[in-house]
Amino acid sequence: MDIATFLIQVLNGVQYGFMLFLVASGLTLVFGIMGIINLAHGAFYMFGAYVVYWLTDYTGSLTLGVLLGLPLVIVLGLVIERFAISYLYKRDHLYQVLLTYGLILILNEAQLEIWGTNFYSVPKPDLLSGSIPLTENLDYPVYRLFISVVCLAIVAALYLVIGRTRLGMMIRAGASDREMAQAMGINISRLFAIVFALGVALAAFSGMIGAPISSVFPGMGDQILIISFVVVVIGGIGSVKGAFIGAMVIGLADTFGKVLVPEFASIVIYAVMALVLLWRPQGLFGKA
Amino acid sequence: MTMSRPTMALLLAVLAGLFTFPFYGGEFYVEMMAEMMILGIFAMSLDLLIGFTGLISFGHAAFFGFAGYMLAIVTPESEPIAIWWALPVCLAAVAVAALVIGWFSVRTSGIYFIMITLAFAQMMYYYFNENQDLGGSDGKFISWDPMVAIGDWQLLDLSDLTTLYYVCFGSLIFVYLLLTVMLNAPFGQVIRGIRANENRTRALGFATFRYKLVSFVIAGTLAGFAGFLEAVRTDFANPAYLGWHESGLVMMFVILGGMGTLYGPALGALILGLLKSEMQDYIERVNLVMGFFVIAVVLFLPHGVAGLVERLGRPKATDDGEAAP
Numbered sequence: 001m002d003i004a005t006f007l008i009q010v011l012n013g014v015q016y017g018f019m020l021f022l023v024a025s026g027l028t029l030v031f032g033i034m035g036i037i038n039l040a041h042g043a044f045y046m047f048g049a050y051v052v053y054w055l056t057d058y059t060g061s062l063t064l065g066v067l068l069g070l071p072l073v074i075v076l077g078l079v080i081e082r083f084a085i086s087y088l089y090k091r092d093h094l095y096q097v098l099l100t101y102g103l104i105l106i107l108n109e110a111q112l113e114i115w116g117t118n119f120y121s122v123p124k125p126d127l128l129s130g131s132i133p134l135t136e137n138l139d140y141p142v143y144r145l146f147i148s149v150v151c152l153a154i155v156a157a158l159y160l161v162i163g164r165t166r167l168g169m170m171i172r173a174g175a176s177d178r179e180m181a182q183a184m185g186i187n188i189s190r191l192f193a194i195v196f197a198l199g200v201a202l203a204a205f206s207g208m209i210g211a212p213i214s215s216v217f218p219g220m221g222d223q224i225l226i227i228s229f230v231v232v233v234i235g236g237i238g239s240v241k242g243a244f245i246g247a248m249v250i251g252l253a254d255t256f257g258k259v260l261v262p263e264f265a266s267i268v269i270y271a272v273m274a275l276v277l278l279w280r281p282q283g284l285f286g287k288a
Numbered sequence: 001m002t003m004s005r006p007t008m009a010l011l012l013a014v015l016a017g018l019f020t021f022p023f024y025g026g027e028f029y030v031e032m033m034a035e036m037m038i039l040g041i042f043a044m045s046l047d048l049l050i051g052f053t054g055l056i057s058f059g060h061a062a063f064f065g066f067a068g069y070m071l072a073i074v075t076p077e078s079e080p081i082a083i084w085w086a087l088p089v090c091l092a093a094v095a096v097a098a099l100v101i102g103w104f105s106v107r108t109s110g111i112y113f114i115m116i117t118l119a120f121a122q123m124m125y126y127y128f129n130e131n132q133d134l135g136g137s138d139g140k141f142i143s144w145d146p147m148v149a150i151g152d153w154q155l156l157d158l159s160d161l162t163t164l165y166y167v168c169f170g171s172l173i174f175v176y177l178l179l180t181v182m183l184n185a186p187f188g189q190v191i192r193g194i195r196a197n198e199n200r201t202r203a204l205g206f207a208t209f210r211y212k213l214v215s216f217v218i219a220g221t222l223a224g225f226a227g228f229l230e231a232v233r234t235d236f237a238n239p240a241y242l243g244w245h246e247s248g249l250v251m252m253f254v255i256l257g258g259m260g261t262l263y264g265p266a267l268g269a270l271i272l273g274l275l276k277s278e279m280q281d282y283i284e285r286v287n288l289v290m291g292f293f294v295i296a297v298v299l300f301l302p303h304g305v306a307g308l309v310e311r312l313g314r315p316k317a318t319d320d321g322e323a324a325p
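Taken in sequence, the protein lines are chains H and C.
The opening residue of the first sequence carries number 1 in my numbering; numbering runs sequentially from there.
The opening residue of the second sequence carries number 1 in my numbering; numbering runs sequentially from there.
Chain H on its own, in the form it takes in the complex:
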């Protein structure tokens, strides 16, 4: 492997890592703050991708598709939070797993009913469809760089919102002690609805901006959910910082796994997870 190919693989790995972080951060936030294990997270990712396909096709612009589509998926998430998830806050993880498993069945069937079994592709915006030449015969697509930049911006925004704002303060208070926060006058059920919506928004948004580079297909949500689980477990469940490190590790491991040991590519990330767990059973940044 020469140096240029190596660099491109690193870029690909990092970019994939950013995408994974975007999805996994929603999963880990919802767990860390609300104590909910949400298997339907991947289904929201899938819905994001399908909605943006549908709206981009309709309006002819990916930007418009994202802007119109995101609120749609968030509303769907809020409805689900209100009528199903909100009954689970004090229940055992087992019931959370089952109920959200039921949600996946419903959402997957709904997707088949609305969009069928076809694979779709979403065009990149003209402005970002070019590529940057690295060497004479290798170049790197601008859109992938754009995704990394957007993800970085969202990481920074998340960090600022949670660490520096009043809402962030309430979220942290709710996460560390639900009853006490409530006694202090914080409306926990509304706060949780906001956090859940944020998680849904992160999943759907990743599905949306990822749509132009990976096609839109049935079952895409299941795939991303499992990988997000691996990321979250490596980083430590509930830790956003951990999710970031975990996403980078998995992004790079998966990319290089595909290049170096193609026949075992799909197993590499699980092996990495097993190794991390041997060393730290609670993940890199998890609380024991």
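Worth flagging that the hints you see were computed from the coordinates, not collected in a lab.
Every clue listed holds true.
Non-contacting residues of chain C with respect to chain H, defined by C-beta distances greater than 10 Å in every case (computed):
| hint | residue |
| --- | --- |
| 1 | 9 |
| 2 | 26 |
| 3 | 81 |
| 4 | 135 |
| 5 | 144 |
| 6 | 155 |
| 7 | 160 |
| 8 | 180 |
| 9 | 311 |
| 10 | 312 |
In silico negatives: residues of chain H with every beta carbon more than 10 Å from chain C:
| hint | residue |
| --- | --- |
| 11 | 11 |
| 12 | 76 |
| 13 | 161 |
| 14 | 179 |
Pairwise CB distance ranges (calculated):
| hint | chain 1 | residue 1 | chain 2 | residue 2 | range |
| --- | --- | --- | --- | --- | --- |
| 15 | H | 241 | C | 282 | 46 to 54 Å |
| 16 | C | 131 | H | 67 | 41 to 49 Å |
| 17 | C | 132 | H | 278 | 29 to 37 Å |
| 18 | H | 71 | C | 89 | 55 to 63 Å |
| 19 | C | 8 | H | 261 | 52 to 60 Å |
| 20 | H | 145 | C | 275 | 47 to 55 Å |
| 21 | C | 197 | H | 129 | 54 to 62 Å |
| 22 | C | 138 | H | 261 | 20 to 28 Å |
| 23 | C | 283 | H | 79 | 18 to 26 Å |
| 24 | H | 150 | C | 92 | 45 to 53 Å |
Since the structure is predicted, the reported quantities are computational estimates derived from the model, not experimental observations.
Heads up, the beta-carbon is just placed ideally off N, CA and C, and yes, glycines get one too.
Guided by the hints, dock chain C onto chain H, whose structure is given.
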């Protein structure tokens, strides 16, 4: 395990019904009931983990599906394999897989355990799904049913539907009794102690890690036994059997039936299986209905059918001097 009188009556009625079923059931339904009983064994094995040890495994289907692949691997193309070879080899392979996965997973708890078992099951799923030598995503056909014979004398013909039905029926009862004996033995008391309070059990001097691991391996091996029977029934090893939809489904059996009761999960498999196959004739999107059904059970019937039956039975129990709820 104490069982109220109405529960006992219900179970005996179900057993009597199952025993006589091949005489009036018709081929289609006999085949289906054989499948339901296999799934019942599968569900009971998961109940050992969820309901008794307190380990919520979301990757239990890995062992179910793996056993099927093992049978496909050990069965030669040209002739049947003796079951005296096939069954021990398949179960040993599943037990080793459960030991390895358990060794990694059991040291974690709660949500980590859920996610890790899921991830390992997916790893095995992808391995078989992408292994072209084993048919990839199409699965692998098993050309011969294992031969149950001593020398040249054939004891059972597993390709005969009625025989297979009674083999499944006997296996269901065998596994139920095996687990009941195990759970009433000191081992069962310890794993129940782990479920109630692991720290306290450890403080009493029990090496809880080892007990949990053993429980995990037994549960995995029994799931493998169910998977073996299913592979004999369908003559097919299918990657989908290892997938997480299957793991979720069996978890659903356990909850619908009532965890921690053993007979409940088997009943859950029966009810849900019947419901699903009956619906298939009328409704195109069965999973949509199943999804709503799952959610309804979680919200309104958290103790499952067994809990419901026990509750109906309770007022009667006051006659025997027990306090009313």
